[in-house]
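Colleague: Chains A and B, in that order, give the protein sequences.
Position 233 of the first sequence, counted from 1, bears residue number 233 in my numbering, the numbering being contiguous throughout.
Position 6 of the second sequence, counted from 1, bears residue number 256 in my numbering, the numbering being contiguous throughout.
It is possible that some hints are incorrect.
With the Cβ distance kept under 8 Å, some of the chain B side facing chain A (calculated, not the full set) [said to hold, decoys possible]:
| no. | residue |
| --- | --- |
| 1 | Arg333 |
| 2 | Ile340 |
| 3 | Leu343 |
| 4 | Ala347 |
| 5 | Asp348 |
| 6 | Gly358 |
| 7 | Arg363 |
| 8 | Arg404 |
Derived by calculation from the structure, the hints in this document are not laboratory data.
No residue lacks a Cβ here, since even glycine has one placed at the ideal position from N, Cα and C.
There are 2 protein chains.
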Amino acid sequence: MRLLLVEDDERVAAALVAVLGRHGFQVRHARSGHEALDALVPDGHDPYRVVLLDLGLPDRDGFEVCSRIRAGSGVPVIMVTARADIRSRIHGLNLGADDYVTKPYDMGELLARIHAVARRGAAPTAAAAPAPDTVPQQRGPLESRGIRIDRERRRVSVDGRDVPLTRKEFDLLALLAQSPGVVYRREQIFSEVWRSGWEGNGRTLEVHIGSLRTKLALPGLVEAVRGVGYRLIAESPASAGQPPPARAER
Amino acid sequence: MRLLLVEDDERVAAALVAVLGRHGFQVRHARSGHEALDALVPDGHDPYRVVLLDLGLPDRDGFEVCSRIRAGSGVPVIMVTARADIRSRIHGLNLGADDYVTKPYDMGELLARIHAVARRGAAPTAAAAPAPDTVPQQRGPLESRGIRIDRERRRVSVDGRDVPLTRKEFDLLALLAQSPGVVYRREQIFSEVWRSGWEGNGRTLEVHIGSLRTKLALPGLVEAVRGVGYRLIAESPASAGQPPPARAER
DNA sequence: AGCCGATCTGAGCGGAACTTGAGGATCACG
DNA sequence: CGTGATCCTCAAGTTCCGCTCAGATCGGCT
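Start from the sequences, fold in the hints, and give me the full structure.
Modeller: Structure (structure tokens):
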């Protein structure tokens with residue numbers, strides 16, 4: 001059974017490869033998100049039955065990798081990370097991860113969870129992984145359409161000029177910007193930006209979205225998806241869907 | 251989306267039913283393992299999409315209930331329990347549970363995990379034998395006949411052209427596309443795309459099907475099955491790569 | 001305490017989405 | 001070939017939902 005391990009720490013990876021190998025897994029080790037996405041492109045080998053994804057050092061990189069994986073493949077993903085906070089858990093699961101395991105974990109439990117998701121695993125789809133060059137890799141401060149988001153400093157600038165945002169506005173924007181194009185449902189937004197489990201009573205969300213739009217002054221950036229939620233428009237509205245260049249028929 | 255809650259504490263159950271209901275689940279509450287197993291017997295209703303199983307039931311051991319459920323059905327099971335020890339976790343997962351959540355849990359995380367396992371869900375057939383690969387459930391972006399459905403972005407494109415769809419239209423298409431070729435009965439469609447057991451009085455469904463056909467401009471894609479419901483034609487009608495196995499005649 | 005910005009709530013508006021009904025087309029079946 | 005049931009389309013009516021504004025409440029700071 002093939003398994004893809006995404007982990008940048010060599011020592012951790014080596015240990016996992018050893019243990020997993022002893023339990024009958026054929027492990028491919030990817031050291032970066034880019035390498036992982038490459039590895040997932042169908043190449044005639046058996047498809048991977050499960051992906052172990054470490055949300056490693058580059059801050060949000062792991063979430064983006066998960067989103068990209070999910071956009072192109074149905075392979076089960078288990079996030080493994082030291083980040084135990086609820087926000088991260090919920091966000092990871094909402095991005096399409098099948099499980100979320102925090103360090104330190106028990107090896108036996110991890111194995112059991114791997115088997116659980118593999119057992120449920122998807123039939124390999126014919127869909128190719130996203131072409132690496134159509135979607136530019138966004139790491140560190142997100143930059144797209146002239147908008148720059150510095151998560152550490154909590155600063156946002158549009159075309160160079162600084163835009164002061166309040167907490168909620170920033171959290172909201174930061175959430176949506178983690179996966180431009182992906183629709184975030186209202187409940188998801190509430191459980192990640194507000195205290196989880198809280199139901200927005202009034203028009204709270206709309207008001208914050210409104211002021212966010214006003215301050216950013218980028219019409220069409222934040223798009224409402226009626227009855228569902230909101231999303232960020234990543235590219236200019238020219239070609240929204242990525243053109244399928246050379247699609248490998250299976 | 252139907253959900254089976256197995257919980258003997260009335261107060262806990264009531265709270266969960268309320269929250270889950272508000273999040274779009276149609277919850278059936280079973281107070282014992284026996285009742286749960288009864289509820290899971292196929293009865294013509296839509297199958298449950300996920301089971302929330304509280305260990306520590308009065309009449310039976312929760313593990314045994316899980317094992318029996320798994321013996322008769324492929325429905326995803328989430329164990330919810332106060333027993334946090336590693337042994338129990340591993341045991342539960344190895345018995346076929348899809349996830350194992352310990353109390354106290356965060357409501358937002360539980361919801362995210364419910365969605366995660368439901369997303370990965372079981373075969374929609376009511377057949378007792380859980381054969382995961384007999385019914386090909388499409389994951390990731392569905393691509394067939396030039397039509398591409400991106401669930402998390404809620405985008406549909408036909409031959410590269412982006413086709414804007416409304417909520418109902420998209421949900422309808424996404425549902426039918428889950429298993430191309432399989433006939434979805436009207437009641438089934440209503441309970442999945444709409445809320446609760448609502449018997450569409452007027453010509454609602456036909457209208458939405460109509461606009462879906464118009465927008466997609468793929469004649470013959472959505473096929474009406476007289477007196478039963480609708481289905482998607484997977485491949486061009488000439489050479490059927492695979493004969494549709496499960497035919498739902500009444 | 002008092003101030004001030006941030007957040008929340010409620011009402012009203014406008015438009016998109018959904019529903020309904022009627023009439024025509026099509027199909028299954030005798 | 002006739003007939004009833006089912007489905008499709010069109011054009012209303014109606015509901016729902018997101019947007020905005022204005023005021024109330026919350027919460028941090030001095």
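Colleague: Next step is simple, just say for each hint if it's right about the structure.
Modeller: Hint check:
1. Arg333: At about 13 Å, which exceeds the 8 Å cut-off, the nearest Cβ of chain A leaves the hint on Arg333/B violated.
2. Ile340: holds (5 Å)
3. Leu343: holds (4 Å)
4. Ala347: holds (7 Å)
5. Asp348: Cβ of Asp348/B sits 6 Å from chain A, so the hint holds.
6. Gly358: holds (3 Å)
7. Arg363: Arg363/B check passes; min Cβ-Cβ to chain A is 6 Å, inside 8 Å.
8. Arg404: holds (5 Å)
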